[in-house]
Amino acid sequence: MSAGTPPLSTPSKPQAKGLNCPKCGAAITLRTFGQAETVVCGSCHSILDAKDPNLAILQQFDAATRISKPLIPLGTRGKLRGTDYEVIGFQRRHSKIEGITYYWHEYLLFNPYKGFRYLSEYNGHWNDISVCKQLPVVEFAAANYLGEVYKHFQSSDANTDFVLGEFPWQVRVGEHAVVTDFVHPPRVLSSEKMDKEVTWSIGEYMYGREIWEIFKLPGAPPEAIGVYENQPSPVTTNVRDIWIAFAAFVFLLLLLMAGFDMLAKKDPVFDQTYTFNRALAKGEQSFVTDVFELTGRTSDVEIKTSAPVDNHWIYVNYALINQDTEHAWDLGREVSYYHGYDSDGHWSEGKQSDTVVISSVPSGHYFLRIEPEVDPLVPVISYTVEIRRDVPVFGIYGLAFLALLVPALIISWRAYVFERSRWSESDHPPMDFSNLSGNSEDA
Amino acid sequence: MFRKFYLLFGFLTLATAAYGEYRGWSLDSTTQIKNVPRSVRDNPGSYRAIYVGYHHYTGGK
Amino acid sequence: MTQPFANCPNCGAKIVFRWSSSVQTVCEYCKSILVRTDVDLKKVGQVADLPPDSSPIQVNTEGMYRNKSFVVVGRILYEYDQGGWNEWHVMMNDGKSAWLSDAQNEYAISFSANAQNLPAASRVQVGQQFTWSNERYTVSVITPAHYRGVEGELPFQYWDKTDVTFVDLRTESGKFATLDYSDPEPVLYLGEFVEFDDLKLKNLRSFEGW
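Heads up: the sequence lines are chains A, B and C, in that order. Throughout the first sequence, residue numbering follows the working numbering, covering 713 to 1155 in sequence. Throughout the second sequence, residue numbering follows the working numbering, covering 351 to 411 in sequence. Throughout the third sequence, residue numbering follows the working numbering, covering 168 to 377 in sequence.
Everything labelled a hint here was simulated from the structure, so no lab data went into it. Do not take every clue at face value.
Heads up, incomplete: computed chain A residues facing chain C, CB under 7 Å, no partners named [unchecked claim]:
(1) Leu786
(2) Arg789
(3) Lys845
(4) Leu847
(5) Gln866
(6) Ala870
(7) Thr872
(8) Phe874
(9) Trp881
(10) Glu909
(11) Val910
(12) Ser913
(13) Tyr917
(14) Glu1005
(15) Gly1008
Estimated spans, in silico, between C-beta atoms of each pair [to be verified]:
(16) C:Asp248 to A:Ile937: 37 to 45 Å
(17) C:Pro351 to A:Thr813: 45 to 53 Å
(18) B:Arg388 to A:Glu1085: 24 to 32 Å
(19) C:Phe323 to A:Thr949: 55 to 63 Å
(20) A:Ser1133 to C:Pro351: 54 to 62 Å
(21) B:Lys384 to A:Thr1067: 19 to 27 Å
(22) B:Arg353 to C:Met231: 40 to 48 Å
(23) A:Ser1136 to C:Phe374: 45 to 53 Å
(24) A:Ala768 to C:Lys367: 24 to 32 Å
(25) A:Arg952 to C:Lys367: 37 to 45 Å
(26) B:Arg353 to A:Ala970: 26 to 34 Å
(27) B:Asp378 to A:Leu1121: 24 to 32 Å
(28) B:Asp378 to A:Tyr1128: 35 to 43 Å
Beta carbons: idealized from backbone N, C-alpha and C, even for Gly.
Start from the sequences, fold in the hints, and give me the full structure.
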């Protein structure tokens, strides 16, 4: 070996001095020293001179580090992915996009065997970042890495404006890099280009509460503001599953419909035609029908009123009365039909029949009390009353369908809004529909 | 977690629909009246749709 | 591990500073407040400190690579303007000589390779691509560096202290290559990144507090 090669040296030991009272020489202990600008000696109560060189060091240090206080204090240890790490470095960087300066923070974590990891924090959103060993494949606006496709989110300039502690390279204030982020939530793929060096790193989103647990930090983590580029969506994973469940439910609903359609007896129990004659009526128009029987389990009763109305109406008051229990269902139904021609052609409104279904009528002997009213222009008209027992009610299936649909729509909407919020911060913001009109005045 | 809620909700909806169909529920509304006196068969004109509260024959037309 | 420690000037007990430039700590025993006097306060907030040489590997560390065992016999510590890295000289059990590089705890094993038509240092650029052994390598870093120190057995005798260019290349499949311009003729080393756990290293250096 050639002489003159520097031997490997160990780093020099730190030099420390005690903070001692200049008057009485007592060591200033923790009890008396707080965040105050003035320091008082616990023994003789004299105030430490601000010109005391050791105190001056502390004050100078405080001024130099005031700019940004790391949320995870340097020197803290925590267990991340099964390995203990110590926070040994911190830097604040910023980016200027469209005139607005965005600050974010990076923490360097170290384990002597496993090496380095980074934690980044922006507006309460955290990421666990490590350097990629393999090179991602970049195509146009996307990057492929380890079988996943990452979409281009943002390219920007990152500038360091504050740095504390250690970094594997000598980070300095003013250091500049071009950063490009590709996202595949919850992961983000970043490339950093600094002078001659391009480094790729992969990050995974973490929540503030996880960080606070790992490092056992006091208090609560800062609230996450907005949606971060790789923040996992709380709803997107549900969207597909919910629509699958919806489809399954609709299928079951259809089966239910078919089943009840077969079960329903649709039993015709009454069918009579009456004639209304204004001339003969003279006052009281009401009458009662013969008694008929409704059989089977408690179910519905359908009353169909038909009349050959032609630009007229009739209105029939019904009371379905149980002969034995004195229980009645009271209702009135209108049958009207209008038609004609106008500038758009033929039109019509209404029908020559009306159907109504009465709920949950127990079996028994019943009759109808009927009181018809007729359009004054009509002197005579006949009308038919048909009753069927136990018919399927399709409106119920309609309501059930809507009830099943609404949560799926809500979830889909929330997922959509979340993703819009995510991409609104990117280089590819979603179209703002309010901008669509009135912007095409450029010649 | 939302998935479990939706599954439960869906089954409840279907169960309610099935029960409603079985019991003959309808979407149309009717007024139910109790204690319609039997005399209505003889005198339909005496029927009044507001028999709730009447427990006896009050005479009539 | 990088927490600097010293002895309390008042009572002699061990004192630890939380991080590399922390200037204040409290002695556990006598409770006095201690201030570090050798921190360059002009650099605090402005420039990062470099971690001290912290490779967990040492001479005589043993490990496994592709089912062959190896032992560490020597080391070169390189330094460049932004930091440093270690090249550990290892001897495989089949007698072959290889290099285990440790750059910020990122490990790679590489072997010297015969290759023709290697470019001159001045002609290489970041992003440039080369094909060796049917793999496409892309230049990721170009570093002028020099020796900072050596240890143990090394396969050569001479070196000088001037800056020499090293070119790092990577592939999309985790392979790694280096063009070493220490000699007049450039030398190519081909290898791959390895995980610390896969090396199954034994007889590692111990770190206080870890």
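Against the structure, the hints come out as follows:
no., hint, in the structure
1, Leu786, "4 Å, holds"
2, Arg789, "9 Å, violated"
3, Lys845, "4 Å, holds"
4, Leu847, "5 Å, holds"
5, Gln866, "21 Å, violated"
6, Ala870, "15 Å, violated"
7, Thr872, "9 Å, violated"
8, Phe874, "6 Å, holds"
9, Trp881, "4 Å, holds"
10, Glu909, "5 Å, holds"
11, Val910, "6 Å, holds"
12, Ser913, "12 Å, violated"
13, Tyr917, "23 Å, violated"
14, Glu1005, "83 Å, violated"
15, Gly1008, "74 Å, violated"
16, C:Asp248 to A:Ile937: 37 to 45 Å, "38 Å, holds"
17, C:Pro351 to A:Thr813: 45 to 53 Å, "50 Å, holds"
18, B:Arg388 to A:Glu1085: 24 to 32 Å, "25 Å, holds"
19, C:Phe323 to A:Thr949: 55 to 63 Å, "57 Å, holds"
20, A:Ser1133 to C:Pro351: 54 to 62 Å, "59 Å, holds"
21, B:Lys384 to A:Thr1067: 19 to 27 Å, "26 Å, holds"
22, B:Arg353 to C:Met231: 40 to 48 Å, "46 Å, holds"
23, A:Ser1136 to C:Phe374: 45 to 53 Å, "46 Å, holds"
24, A:Ala768 to C:Lys367: 24 to 32 Å, "52 Å, violated"
25, A:Arg952 to C:Lys367: 37 to 45 Å, "43 Å, holds"
26, B:Arg353 to A:Ala970: 26 to 34 Å, "27 Å, holds"
27, B:Asp378 to A:Leu1121: 24 to 32 Å, "28 Å, holds"
28, B:Asp378 to A:Tyr1128: 35 to 43 Å, "38 Å, holds"
Checked against the numbered hints given earlier, the structure breaks hints 2, 5, 6, 7, 12, 13, 14, 15 and 24 and satisfies all the rest.
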